[in-house]
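Novice: Given the coordinates of chain Y, work out where chain Z should sit on it, guided by the hints.
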Amino acid sequence: EAGVAQSPRYKIIEKRQSVAFWCNPISGHATLYWYQQILGQGPKLLIQFQNNGVVDDSQLPKDRFSAERLKGVDSTLKIQPAKLEDSAVYLCASSLGASGRQTQYFGPGTRLLVL
Amino acid sequence: AQSVSQHNHHVILSEAASLELGCNYSYGGTVNLFWYVQYPGQHLQLLLKYFSGDPLVKGIKGFEAEFIKSKFSFNLRKPSVQWSDTAEYFCAVNHFSSGSARQLTFGSGTQLTVLP
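Same order as they appear, the protein sequences are chains Y and Z.
Letter by letter, the first sequence follows residues 1 to 115 of this note's numbering.
Letter by letter, the second sequence follows residues 1 to 116 of this note's numbering.
In case anyone wonders, no lab produced these hints; they're calculated from the structure.
There's no promise every hint is true.
Straight-line C-alpha distance at most 25 Å; calculated SDA-like pairs for lysine to any residue [unchecked claim]:
| no. | chain 1 | residue 1 | chain 2 | residue 2 |
| --- | --- | --- | --- | --- |
| 1 | Y | Lys62 | Z | Phe96 |
| 2 | Y | Lys83 | Y | Ala30 |
| 3 | Z | Lys78 | Z | Arg102 |
| 4 | Y | Lys71 | Z | Gln103 |
| 5 | Y | Lys11 | Z | Lys71 |
| 6 | Z | Lys58 | Y | Pro61 |
| 7 | Y | Lys11 | Z | Ser52 |
| 8 | Y | Lys62 | Y | Leu39 |
| 9 | Y | Lys44 | Y | Thr103 |
| 10 | Z | Lys69 | Z | Tyr39 |
| 11 | Z | Lys71 | Z | Gln111 |
| 12 | Y | Lys62 | Z | Arg102 |
Derived contacts from chain Y toward chain Z, CB cut-off under 8 Å, selection only [said to hold, decoys possible]:
| no. | residue |
| --- | --- |
| 13 | Ala5 |
| 14 | Pro43 |
| 15 | Leu45 |
| 16 | Gly97 |
| 17 | Gly107 |
For the chain Y half of the interface with chain Z, some residues (derived, Cβ under 10 Å), not all of them [as the list claims (entries may be wrong)]:
| no. | residue |
| --- | --- |
| 18 | Ala2 |
| 19 | Val4 |
| 20 | Pro8 |
| 21 | Tyr10 |
| 22 | Gln17 |
| 23 | Trp22 |
| 24 | Asn51 |
| 25 | Gln59 |
| 26 | Gly72 |
| 27 | Gly100 |
| 28 | Tyr105 |
Where a beta carbon is used, it is the ideal one built from N, C-alpha and C, also for glycine.
Next comes chain Y alone, as it looks inside the complex (with noise of 0.2 Å):
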């Protein structure tokens, strides 16, 4: 069965530059999730699909980040403008559903440097 795919695993940007990420979950699963793991912290919840529709996006910095899934199946994260700060891993997951007893599976990962 393959895995969570990420791209790409690696992205350099200056301050004020856009970027994105891209996130194609396990066959078949229906939610979908991003986290952003800054270094010595553990993951933190940015937001969760269910299909192509928003669960939770409490903790996603409104003002500059964005994210989508379309169809239900791959999904785009977009920060615009980067800071310093938003130096970190964002790791996508995903799940077969949104019931808090479901394992989540996580992808390797986009590692973004914000210079």
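Specialist: Quick look at chain Z alone, frame taken from chain Y:
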């Protein structure tokens, strides 16, 4: 503030030593508890999970965890560690966030180094 706390940031053990990593949370209501592990160069993956029933739950690779409700704790244990257990370990709690949505909140992680 509600949170998940892992008090040990870095643990160094020799092979065959016993391991216990602490995890405490402050969420009320119904929670589901997880331990995830990230081996060097690999993705985060599930080690074990607890929802209800027997508070001692067993996971992969000989790991187990004990849920103590009165202490809001879910500590991870292994009787005898191996060099291959070197990894970062994250405790995570699934709880209700805003509205009716459930959210998985992670602790800050414990880096385990096992010396051969």
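Novice: Please flag the earlier hints that this structure goes against, numbers listed from lowest up.
Specialist: Of the numbered hints, 2, 3, 5, 6, 7, 10, 13, 16, 18, 20, 21, 22, 23, 24, 26 do not hold.
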